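J.: Below are the chains, spelled out letter by letter.
Number of protein chains: 2
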Amino acid sequence: MKKEKTPDQQAISRAPFPASHKVYVKGNLHNIEVAMREVRLSETKIHNGFGLTSPNPPVTIYDTSGAYTDPAIDIDIKIGLPKLREHWITTRKDVQQLPNISSVYGQSRLADKSLDVLRFAHIAKPYRAMNGANVSQMHYAKKGIITAEMEYIAIRENQRIDLLNNQEQDPMLQQHEGQNFGASIPKGYITPEFVRSEVAAGRAVIPCNINHPELEPMIIGRNFLVKINANIGNSAVTSSIEEEVEKAVWACRWGADTVMDLSTGKNIHETREWIIRNSPVPIGTVPIYQALEKVNGKAENLTWELFRDTLIEQAEQGVDYFTIHAGVLLRYIPLTAKRVTGIVSRGGSIMAKWCLAHHRENFLYTHFEEICEIMKVYDVSFSLGDGLRPGCIADANDAAQFAELETLGELTKIAWKHDVQTIIEGPGHVPMHLIKENMEKQLEHCAEAPFYTLGPLTTDIAPGYDHITSAIGAAMIGWYGTAMLCYVTPKEHLGLPNKKDVKDGVITYKIAAHAADLAKGHPGAQYRDNALSKARFEFRWEDQFNLSLDPDTAKEFHDETLPAEGAKIAHFCSMCGPNFCSMKITQDVRDYAAKQGLEEDHAIAKGMQDKSKEFADKGNEIYL
Amino acid sequence: MKKEKTPDQQAISRAPFPASHKVYVKGNLHNIEVAMREVRLSETKIHNGFGLTSPNPPVTIYDTSGAYTDPAIDIDIKIGLPKLREHWITTRKDVQQLPNISSVYGQSRLADKSLDVLRFAHIAKPYRAMNGANVSQMHYAKKGIITAEMEYIAIRENQRIDLLNNQEQDPMLQQHEGQNFGASIPKGYITPEFVRSEVAAGRAVIPCNINHPELEPMIIGRNFLVKINANIGNSAVTSSIEEEVEKAVWACRWGADTVMDLSTGKNIHETREWIIRNSPVPIGTVPIYQALEKVNGKAENLTWELFRDTLIEQAEQGVDYFTIHAGVLLRYIPLTAKRVTGIVSRGGSIMAKWCLAHHRENFLYTHFEEICEIMKVYDVSFSLGDGLRPGCIADANDAAQFAELETLGELTKIAWKHDVQTIIEGPGHVPMHLIKENMEKQLEHCAEAPFYTLGPLTTDIAPGYDHITSAIGAAMIGWYGTAMLCYVTPKEHLGLPNKKDVKDGVITYKIAAHAADLAKGHPGAQYRDNALSKARFEFRWEDQFNLSLDPDTAKEFHDETLPAEGAKIAHFCSMCGPNFCSMKITQDVRDYAAKQGLEEDHAIAKGMQDKSKEFADKGNEIYL
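The listed protein sequences correspond, in order, to chains A and B.
The first sequence begins at 1 in full-length UniProt numbering and counts up one residue at a time.
The second sequence begins at 1 in full-length UniProt numbering and counts up one residue at a time.
Among the hints, a few may not be true.
Simulated restraints, written as ranges between beta carbons of each label pair [what the hints assert, rightly or not]:
| id | chain 1 | residue 1 | chain 2 | residue 2 | range |
| --- | --- | --- | --- | --- | --- |
| 1 | A | P18 | B | L110 | 47 to 57 Å |
| 2 | B | E370 | A | I46 | 34 to 44 Å |
| 3 | A | E410 | B | K500 | 47 to 57 Å |
| 4 | A | T53 | B | G297 | 40 to 50 Å |
| 5 | A | A403 | B | A11 | 48 to 58 Å |
| 6 | B | T303 | A | F50 | 33 to 43 Å |
I should point out that these hints are in silico values taken from the structure, not numbers from a laboratory.
Computed from a prediction, not measured in an experiment: that's the story for all the values here.
By construction, the Cβ of each residue, glycine as well, lies at the ideal position given by its N, Cα and C atoms.
Input sequences plus hints: build the corresponding full structure.
T.: Here is the structure:
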């Protein structure tokens, strides 16, 4: 029974992808259904004169778009997404539902009737671990428990490649052996036990706050598919709550694996509730941004107590990971004084200003264990912020940056002592030849905790194109071992991204992440490339569009040159016209080579003249 | 005395870049003036309460836009660009001006009155070497002669960094030491003698047909700045001659170092004349495309004689380099039969079809020395085509590709025997971890002849975004040693690029090339990054735009968020609003650190409370 669509719902992008439908793969250990996208392909026409065809199996694609692209599911953003994980969480019997929200700030917002018009109407009572319990996935993993989240992830990462492996000799399964720089990527496919062991070792993170039961579990770790994050968020200058929700849905539609809400404007508490309730992917935040709002932008007025209340406020809303700039130590700040661009991280500069104003050590560092105590009762993951990352090529790999990285390594070990999941943020702006050093030092100092980098941008001279300057660095560092890539949009350094920028950023980063998966040799990563290239070679235009990261743009670009429907089934490319197409000629060559046994080298030497004559006699054409 | 602008001229992009003007640097050895672009910067405001300012010296930028961006020069595309090099060429006294064009085809076109409306009106009589002479730059270089072209290039490559080197302690000159994988990049700057020696060794190429005197000399070699090529050209489906000229001018405006005219439609002889006469950069072609037109698209009807006539036709028009697919040997063709996408090079597939049809060896291979004889009397450079390059990830680095590369190495040595300048074309589609092998094998087989690659694309799954999939590979292979990168536009695999696509492709490839220059540690390469980042840090918005690869887009993106003029002199970013800007906070930190002597670690430990109080007493603000 479908409800009437309200105007609100119309604003949310829900159209399924072309030739695609959702498939749900059942678990073995748990009663779960893992969502994926299946793309149907058309059949290959065989050029033998009999009009025969050969089917092409559908291709399964990792799908971050959530329930939005399943027309069978009713969605009302006023109610939020189905709470997929709530039953999993409560079944573990280690959580309590609180009678009310705990944070002072959250309570004051709830009590403010003037906010009722903005407020998400169906706010649930928050969950928290029972007294003394630890509900982090790392905690379960260390105890040897394979959670539903872990099995979900194993199935999701495989994208049914484990089922394809049973088909012998599938040419679409051919793949180059990768170079993974010492990672431990499984050869065949991902098992639930492998997921557990990686989480237990701290080498992978499953961001999944127990108060965000709507999310579809995903994993961040260098032995898994490389993930990408999209930043959204309003600021003093911009947009509405509804726009922000659509921006998140839009980012997920095109492939964002997580979304960071970096709002700095008014009503960010209320905006965040809407985003989380409607987000199928983990949500990250930088709590210090909101804390600063609470002290009217005066960094020196920040206090641990106010920050602590902010952490609890956000944890109970369901934020899945927090960027915490606990590595910006007082003694590192002077190391940035001679930089060309000083401190460019917003969180880093806030903490630096606080440290200098008080001449005391960063309170995020001094209270780090107390932060861990909060994280583990909601299963919020750390994203240890790189507040001293370089903001330009000149400042790359300097003393300030690497000093902070060492401290992040120390903090990682403290977090792990509390079984709190932890990822490490990385730069920034780095020329290509200095990127690898970043990865190597991170692996060394942070004991293989997942690395999560912003680009890096490989040059400073292309504002307006920094999705590209950074995709180069992102692809490379992803190959070297970075587990998640934070996208950069074309508006970086210039302004706030609109929907087009968000899409451009996401697609660009999907490219970087996938290029890294191919280079690392992730199992099955090349399947989609093979299927798309086969479609391209066989002039299956629609299949080529449908298998691409952005079918809409691929089709639109093709149609600009040859808009007629007939052109999409034509056996020539739009680039070269009907009489001049290398693909067509190659098909002729291939058919001929196969027919004449040219594959044996010795066959070439003999009888060349005869064969030539025979070919000419038949009109020098192949399709006889 | 300026002429009236005709409608034709209006169609050509001539606006100078913002805050930029042309400068002309004189030679020492030759009477030459080397064109560059100089960007004026505004001054830095010093935050010391006295309203002082500090000037920022102008930045010199490598300029491929030619005379078009100099408002002092009259240009009429019906007449063509000034013949900069004609005097240099004739002064060498080794050329003769022919009474008429030599090619049968060219003569027939000239005799066809129906083409008068299309024809460039001022066709000059072609030059050719005197009998027995060799007019290639390699020939001069081997004889120890530093030509005007070589000195022009040395001055051009330096971009006045040699003059800046005299200023001590310029912080803008700081640069990371590069990693260049065994290249021989000079430490300080480029000398004319270095240019000569690289050309003599075959490690660099100066494409400069004596019949293209309009070009501004440039060099392709891994010890020089990485160059980019833009492809233009009509086809059976598209555009007018005038559009093609503007496309070339447009590509040069944004940074194309060479342009390949890949036209396959009608009237390509006439179109080419217009393009060359109006092109300030070297023009490359693939003569087999035109030869195929002459036999109505029937590859099997191609003959050596017809091809030879085409080479002479194009050489006398002034084409600077020819792509010649002489490495597609008969015995290599069957190696492509089991590929996912067979032969994707148009030239490669034409030759493969010819070879199979006749069961004879590729006539480009068997007549290679005769081709050399033509090349050296006009100084046309070889671009040895990779007709068997992989067209998808699956086919990368296979036996067919590397077999052809070995043959290209053999041919290089034959070309060098004739002192014919030679570059080698490379792939294609290659996953990141297999890119380096391409560079290494090319260096090994081709004795360091410059490598010229198409991307490579690092994944197949993003049609519509292949400028990006390929920029990743291009930047990497540029770093590894590729001398010139052939751009890929967003329309690759889908359709013909329009002006926006050409610009997107060029800018994307300027990014890749510059990222490679930074990673290789090319002298002075980081200067522009430093200047732009300093401007960014100091909120000199206009300077940031003007120093960027695409000032128009940078400014437009900024204005989308904060359109008011005042915002461009505001001391906050458009991203974060006036009260929340990391750059502003960092400036506070820096001023404070300098004032308090915080740079000495021991100073931090003592008196923290006092300093804190002092800071608070002054209102917790820095700008006192």
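J.: For each hint, tell me whether it holds in the structure or not.
T.: Results for each hint:
Between A/P18 and B/L110 the beta carbon distance is about 52 Å. The supplied range of 47 to 57 Å therefore holds. Between B/E370 and A/I46 the beta carbon distance is about 43 Å. The supplied range of 34 to 44 Å therefore holds. Checked against the hint of 47 to 57 Å, the pair A/E410 and B/K500 passes, with Cβ atoms roughly 50 Å apart. For A/T53 paired with B/G297, a C-beta distance near 28 Å fails the hint of 40 to 50 Å.
The given range of 48 to 58 Å is respected by A/A403 and B/A11, whose C-beta atoms sit roughly 57 Å from each other. In this structure the supplied range 33 to 43 Å holds for B/T303 paired with A/F50, their Cβ-Cβ distance being about 36 Å.
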